[in-house]
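Asker: First to last, the protein sequences are chains A and B. Numbers in the working numbering are just positions in the first sequence, counted from 1, shifted up by 296. Numbers in the working numbering are just positions in the second sequence, counted from 1, shifted up by 1.
Calculated directly from the structure, the hints in this document are not laboratory data. Everything numeric in this text was worked out from a predicted model, so none of it was measured. Treat the hints with caution; some may be incorrect.
To be verified - A few chain A residues that don't get close to chain B, going by computed Cβ distances all over 12 Å:
1) F308
2) E311
3) G312
4) Q313
5) V315
6) V348
7) K366
8) E368
9) T373
10) A377
11) K379
12) N380
13) R409
Unchecked claim - In silico EDC-like links for lysine to aspartate or glutamate, alpha-carbon gap of 20 Å or less:
14) K101/B to E358/A
15) K101/B to E311/A
16) K4/B to D334/A
17) K353/A to D334/A
18) K101/B to E368/A
19) K4/B to D355/A
20) K305/A to E45/B
21) K101/B to D326/A
22) K353/A to E45/B
23) K101/B to D350/A
24) K379/A to E358/A
Ideal Cβ placement from N, Cα and C applies to all residues, glycine included.
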Amino acid sequence: DGGITQSPKYLFRKEGQNVTLSCEQNLNHDAMYWYRQDPGQGLRLIYYSQIVNDFQKGDIAEGYSVSREKKESFPLTVTSAQKNPTAFYLCASGPFVGQTYSNQPQHFGDGTRLSIL
Amino acid sequence: AQKITQTQPGMFVQEKEAVTLDCTYDTSDQSYGLFWYKQPSSGEMIFLIYQGSYDEQNATEGRYSLNFQKARKSANLVISASQLGDSAMYFCAMREGTDKLIFGTGTRLQVFP
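This is chain B alone, in the form it adopts within the complex (with noise of 0.2 Å):
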């Protein structure tokens, strides 16, 4: 079965700073798609970024880029020149089939000042 692990509960950082959220998928199948989220504390959930398995270049939207490393089932998103406002959880998906996403249950990130 496939399945999303986030070890990080929960990650400090300051403003400024980067930051890595963890993220490691298991499935036996060639193609998949790795989608991470942001829910603010009103509960919205936001999409950030995408990868898909044979992309060969890491995903970046904006200061968001994805470290995807295949071989080691990882794909973690990365934050850049954190902001107050990235405050939030965030989550790991992976489609499954071809349609339903799985997700992992989640990194708080907390940025301060």
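Only chain A is shown next, with the shape it has when bound in the complex (with noise of 0.2 Å):
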């Protein structure tokens, strides 16, 4: 079946460490996303990719990096320097139409809950 995967599912970081959450589809879709979602609270853009080997930096890009060498894969790395990590990571893929009057919805992995150890 088409859809996106996330792994791992739940994951736990020390003090210091970088970690990486993976993202992958299937649907053959040219955009990726990556959202963090916090308790209670609606989901906010971390970065995002329309095509291979090129992205954006969404709303809360510090502390966060991306890579786009596959069109199926959009992996997040999580830095060090992102201080306040803890939250719950949604990756989502979509159809790149370009144009805002567009009835193509963002389809969504499972997520990844991440934590501080």
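Since each chain comes alone in its own frame, lean on the hints to assemble the complex.
Answerer: This is the structure we're talking about:
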């Protein structure tokens, strides 16, 4: 079945450690996104990519990094510079239509819960 | 700047009743799209329904319908015949620019027997 796979489901980070969250999609979507969700809050955009080898910062990119070497994959690294990384991280993908008036939704993975040890 | 406001942190509804979840938005664009997502306790985001700014009719998808009032900049989600499985967080979102979505803070719906 087509979909988005995030791994791991749970992740623990030690102080000063970088950790990488995996996101893979087989929907043949051009665009991929990373969101952060804090308890009781909506989703905030961290990074997004509309095409391979290109990505842009979202609203809260500080302390995070990404790569987009393959269309299917968009891993997120939470660096030691991110001082409050405990959150729920959601990856999404969607067709890049290039217009605001598009009914194409973003499709989401099941998320990764990151906690500090 | 574009913004989505969901003023109801939590809502309760009895099984089989209808419920309306509020969403207002702020944008200066003429062309935009509005989405509703459901997030069960397991965490995944499930797309429910879409409304385009140029759509003349309110969107409907099964038990979900969207009460779109463009002049008031509101896009309320109506769930008819609520079921216990409808208990979840519900998020309203608007497409910003050509690609990105901005989300409201969500409404937690609880359906009781």
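Asker: Each hint: holds or not?
Answerer: Each hint tested on the structure:
{"no.": "1", "hint": "F308", "verdict": "holds, 17 Å"}
{"no.": "2", "hint": "E311", "verdict": "holds, 26 Å"}
{"no.": "3", "hint": "G312", "verdict": "holds, 27 Å"}
{"no.": "4", "hint": "Q313", "verdict": "holds, 23 Å"}
{"no.": "5", "hint": "V315", "verdict": "holds, 18 Å"}
{"no.": "6", "hint": "V348", "verdict": "holds, 15 Å"}
{"no.": "7", "hint": "K366", "verdict": "holds, 19 Å"}
{"no.": "8", "hint": "E368", "verdict": "holds, 18 Å"}
{"no.": "9", "hint": "T373", "verdict": "holds, 21 Å"}
{"no.": "10", "hint": "A377", "verdict": "holds, 23 Å"}
{"no.": "11", "hint": "K379", "verdict": "holds, 23 Å"}
{"no.": "12", "hint": "N380", "verdict": "holds, 18 Å"}
{"no.": "13", "hint": "R409", "verdict": "violated, 8 Å"}
{"no.": "14", "hint": "K101/B to E358/A", "verdict": "holds, 18 Å"}
{"no.": "15", "hint": "K101/B to E311/A", "verdict": "violated, 32 Å"}
{"no.": "16", "hint": "K4/B to D334/A", "verdict": "holds, 18 Å"}
{"no.": "17", "hint": "K353/A to D334/A", "verdict": "holds, 19 Å"}
{"no.": "18", "hint": "K101/B to E368/A", "verdict": "holds, 19 Å"}
{"no.": "19", "hint": "K4/B to D355/A", "verdict": "holds, 13 Å"}
{"no.": "20", "hint": "K305/A to E45/B", "verdict": "holds, 11 Å"}
{"no.": "21", "hint": "K101/B to D326/A", "verdict": "holds, 13 Å"}
{"no.": "22", "hint": "K353/A to E45/B", "verdict": "violated, 23 Å"}
{"no.": "23", "hint": "K101/B to D350/A", "verdict": "holds, 15 Å"}
{"no.": "24", "hint": "K379/A to E358/A", "verdict": "holds, 10 Å"}
Going down the numbered hints, you'll see the structure goes against 13, 15, 22, while the others check out.
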